[in-house]
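Heads up: the sequence lines are chains A and B, in that order. Converting from the first sequence to this note's numbering requires adding 64 to each position, the first position being numbered 1. Converting from the second sequence to this note's numbering requires adding 23 to each position, the first position being numbered 1.
In short, the hints are calculated from the structure, not lab data. Accuracy of the hints is not assured; some may be wrong.
What the hints assert, rightly or not - Calculated pairs, SDA-like style, for lysine to any residue (alpha carbon to alpha carbon, straight line, at most 20 Å): (1) A/Lys106 with B/Pro77; (2) A/Lys163 with B/Pro107; (3) A/Lys106 with B/Thr127; (4) A/Lys163 with B/Pro77; (5) A/Lys106 with B/Pro132; (6) B/Lys47 with B/Thr99.
As the list claims (entries may be wrong) - Ranges of calculated distance between the beta carbons of each label pair, as one might list FRET restraints: (7) A/Thr141 with B/Glu106: 41 to 47 Å; (8) A/Lys133 with B/Thr61: 46 to 52 Å; (9) A/Gln66 with B/Gln40: 34 to 40 Å.
To be verified - Some chain A residues close to chain B (C-beta under 10 Å, calculated; not the full set): (10) Val77; (11) Phe98; (12) Lys106; (13) Leu108; (14) Gly167; (15) Arg171.
All residues carry an ideal CB built from backbone N, CA and C; glycine is no exception.
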Amino acid sequence: AQSVTQLDSHVSVSEGTPVLLRCNYSSSYSPSLFWYVQHPNKGLQLLLKYTSAATLVKGINGFEAEFKKSETSFHLTKPSAHMSDAAEYFCVVSDRPHKLIFGTGTRLQVFP
Amino acid sequence: DAGVIQSPRHEVTEMGQEVTLRCKPISGHNSLFWYRQTMMRGLELLIYFNNNVPIDDSGMPEDRFSAKMPNASFSTLKIQPSEPRDSAVYFCASSFIAGGDTDTQYFGPGTRLTVL
């Protein structure tokens with residue numbers, strides 16, 4: 065069975081400092097992995113997607129994630145946080161076309 | 024493209040009333056999903072349609088919930104009768120799935136349902 069664990073429920077950073085949001089997954093097959101972002105009272109927006117083409121995936125708004133099979137991890141990073149990055153971030157795993165399994169989310173706070 | 028469109032954005036109703044949520048997927052997409060988001064359970068898939076046919080409804084909580092997709096551009100999620108525990112944000116998403124590939128799901132803005 066597939067699952068995803070987001071290791072931090074809350075992360076706080078200062079504007080201009082790096083962001084690291086951690087995600088570990090479990091899957092019996094070669095999974096697809098996603099990061100989605102949800103701003104307050106908004107829908108979910110895709111940040112980036114991994115589908116085995118390259119282990120380092122670049123997404124929108126300067127975010128990127130690295131797939132590490134040996135560590136079963138897919139951590140999300142950004143070199144320099146911006147105030148507008150404050151939101152909820154979801155790590156998602158899928159090994160079937162229609163079945164997305166969402167993590168519990170990480171709330172990112174960015175302080176000035 | 025306008026993206027996935029959901030209506031209403033907010034719905035407040037009283038226990039026992041019928042509630043209908045509406046979704047228009049992105050044109051050209053062949054798959055549609057209804058999700059429910061709560062603090063306690065996070066994001067849960069309720070039902071998945073492919074080419075207007077319900078494929079997986081194992082997430083539908085109980086018989087009070089029903090979903091239809093009469094054509095490629097419209098779907099409804101109905102709750103009858105509604106109960107306070109149905110209060111949640113309901114998201115609709117669409118994607119184009121071909122040849123067994125997982126593809127990106129695009130989410131609508133959600134409907135925040137409050138049942139008093």
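Comparing the hints with the structure gives:
1. Under the criterion of a C-alpha separation no larger than 20 Å, the hint pairing A/Lys106 with B/Pro77 is inconsistent with the structure, at around 26 Å.
2. Between A/Lys163 and B/Pro107 the CA atoms are separated by roughly 28 Å; this puts the pair beyond 20 Å, and the hint is violated.
3. A C-alpha spacing of about 18 Å is found between A/Lys106 and B/Thr127, which places the hinted pair at or below 20 Å, so the restraint holds.
4. Of the supplied pair hints, the one linking A/Lys163 and B/Pro77 holds, its CA atoms being roughly 14 Å apart against a limit of 20 Å.
5. Distance check on the hinted pair: A/Lys106 and B/Pro132 sit about 5 Å apart at the alpha-carbon level, within 20 Å; holds.
6. In summary, the hint linking B/Lys47 to B/Thr99 is supported, as the alpha carbons are separated by about 9 Å, within the 20 Å threshold.
7. The supplied range of 41 to 47 Å is met by A/Thr141 and B/Glu106, whose beta-carbon atoms lie about 42 Å from each other.
8. Between A/Lys133 and B/Thr61 the beta carbons are some 33 Å apart, a value that contradicts the proposed interval 46 to 52 Å.
9. Under the hint 34 to 40 Å, the C-beta atoms of A/Gln66 and B/Gln40, about 37 Å apart, fit the expected range.
10. Because the closest C-beta pair between A/Val77 and chain B is about 23 Å apart, greater than 10 Å, the hint is violated.
11. Given hint, A/Phe98 at the interface with chain B, holds; its Cβ is 7 Å from that chain's nearest Cβ, closer than 10 Å.
12. Here the hint on A/Lys106 is kept, as its CB sits about 6 Å from the closest CB of chain B, short of 10 Å.
13. For the restraint placing A/Leu108 at the interface with chain B, the shortest Cβ-Cβ distance is roughly 4 Å, inside the 10 Å limit, so the hint holds.
14. Of the supplied interface hints, the one on A/Gly167 holds, with its beta-carbon coming within about 8 Å of a beta-carbon of chain B, less than 10 Å.
15. With 10 Å as the threshold, the beta carbon of A/Arg171 stays out of range of chain B, its nearest partner Cβ sitting at about 12 Å, so the hint is violated.
Checked against the numbered hints above, the structure breaks hints 1, 2, 8, 10, 15 and satisfies the rest.
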